[in-house]
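Student: Line order of the protein sequences matches chains L and F. Our numbering puts the first residue of the first sequence at 1, with every later residue one more than the last. Our numbering puts the first residue of the second sequence at 1, with every later residue one more than the last.
Check each hint, because a few of them may be wrong.
The list that follows gives simulated cross-link-like pairs (lysine-lysine, BS3-like), each with its CA atoms no further than 25 Å apart [claimed, not checked]: (1) L:K140 - L:K178; (2) L:K34 - L:K140; (3) F:K26 - L:K124; (4) L:K69 - L:K140; (5) F:K26 - L:K37; (6) L:K140 - L:K62; (7) L:K69 - F:K26; (8) L:K178 - L:K160; (9) L:K160 - L:K37.
Keep in mind the hints are simulated off the structure, nothing from the lab.
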Amino acid sequence: MIPTKETVELDDRQLVETIRRGDNDAFEQLVRRKTTKVYSLCYRIIGNAEDAKDISQLVFIKLWENLDKYDPHFAFDTWLYRMVTNVAIDFLRNKQSRENAVNSNLRLVKTSSDAEQGVVVQRKEIENVFNAVATVLSPKQKTIFVMREMDDLPSSEIAKILGCRESTVRNHLFNARKLMQQQLRKRYPEYSRLWKEGQ
Amino acid sequence: MISCQSFRERLAPGSNEAAVMEHLRKCDACLDFAVSVDADHFFRALDGSELTPPGGVDAFTSDVMAQVRLRQAEGSMGRRRLPNPWRLAVAAMILVGISGAAIVYRQSEQTAPVAQIQPAAHRAELVTKPIVESYDSRTATIVELRGEGASDAQVVMIFDDSLPADL
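The shape of chain L in the complex, shown without the other chains:
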């Protein structure tokens, strides 16, 4: 039987071992394999394509520099996600401190009469709304919210990634939802009605 690409392809741990022996091609293979995963998480946490691309590249450089520290007893993706969240959270912390004041009044609040009209949820609009209301979240809250609600990661996995307790993750999630609903009420009353109806 001729080995297909799938049968000869190394898994993440084997690839890491090969890279540790100084194989740059193996690292290139790992970058290709993980790019969309890393970039997607960065993009959802950061909310900006160019910044997300820069941060993703930084993640891979850090990955290459710290590969010796990876313990193969743990899932590689958990370790990778931890690196992504650390770098992205650092970036957001620096960025938030500069931009919080600027962003706070960018969108005019709709009138109450607009809000009382029926609203049809537009998928494209959700991302804009999320990016706007998520500015009130702390970098950690936003990261947890993204991993839980958009990447569908279980709380236990998020706790492993962030190196905290599951109860801490749940607390952050609870607070994040509360803060975002408050922001929706303030800035997007037409959407905040969904929560009143739905809950």
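Given chain L, put chain F in place with the hints provided.
Tutor: Using the frame of chain L, we list chain F on its own:
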């Protein structure tokens, strides 16, 4: 992807079932219904699929690899220098060498026989010469320096090639 009917039957508040989430993120027709069941589905409806960075995966990967190669080159340049313990050892040896040389030099200076001042073969004897009170010569140059006060000694210098050397 599951059908809209199946989705609406299976959707429940807090639902996290993969097939249900996939439908929620792809079907616009069911979005309003999902949000009416659980408002938290509003943000869960954000597309959770994997995104491609601007410029594509190939360009992204080559950018990363270029940076990795650059760091490797910087690293190899750094490695050409001796590693830290070796550098320290070499520095210590140089220091010991210099100190040793200095000590040896000092000791050799102390132990070396000091050159004895040999007594002059012909000791100059102090002889009282007659005082010349008056001098008369046609070839001599006589310089007379007057003192500032009356008590100051008067100095007279006589330059004469015809005078004897031992005068």
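Student: Can the restraint linking L:K140 and L:K62 be considered satisfied, given a maximum Cα separation of 25 Å?
Tutor: holds, 20 Å
Student: Would the hint linking F:K26 and L:K124 be met if the CA-CA limit is 25 Å?
Tutor: holds, 12 Å
Student: Hinted pair, alpha-carbon criterion (25 Å max): F:K26, L:K37. Please report holds or violated.
Tutor: Given that 25 Å is the threshold and the Cα spacing comes to 19 Å, the pair holds.
Student: Straight-line Cα separation of L:K160 and L:K37 no greater than 25 Å?
Tutor: Roughly 18 Å between the alpha carbons, so the hint for L:K160 and L:K37 holds.
Student: CA of L:K178 to CA of L:K160, is that 25 Å or under?
Tutor: holds, 24 Å
Student: Regarding the pair L:K69 and F:K26, is the alpha-carbon distance no greater than 25 Å?
Tutor: Status violated; Cα separation ~39 Å.
Student: Holds or violated: are the alpha carbons of L:K69 and L:K140 at most 25 Å from each other?
Tutor: Since the Cα atoms of L:K69 and L:K140 sit roughly 24 Å apart, the hinted pair holds (cutoff 25 Å).
Student: Is L:K34 within 25 Å of L:K140, Cα to Cα?
Tutor: holds, 22 Å
Student: If you draw a straight line from the CA of L:K140 to the CA of L:K178, is it 25 Å or shorter?
Tutor: OK: L:K140 and L:K178 at ~15 Å, within 25 Å.
Checked against the numbered hints given earlier, the structure breaks only hint 7 and satisfies all the rest.
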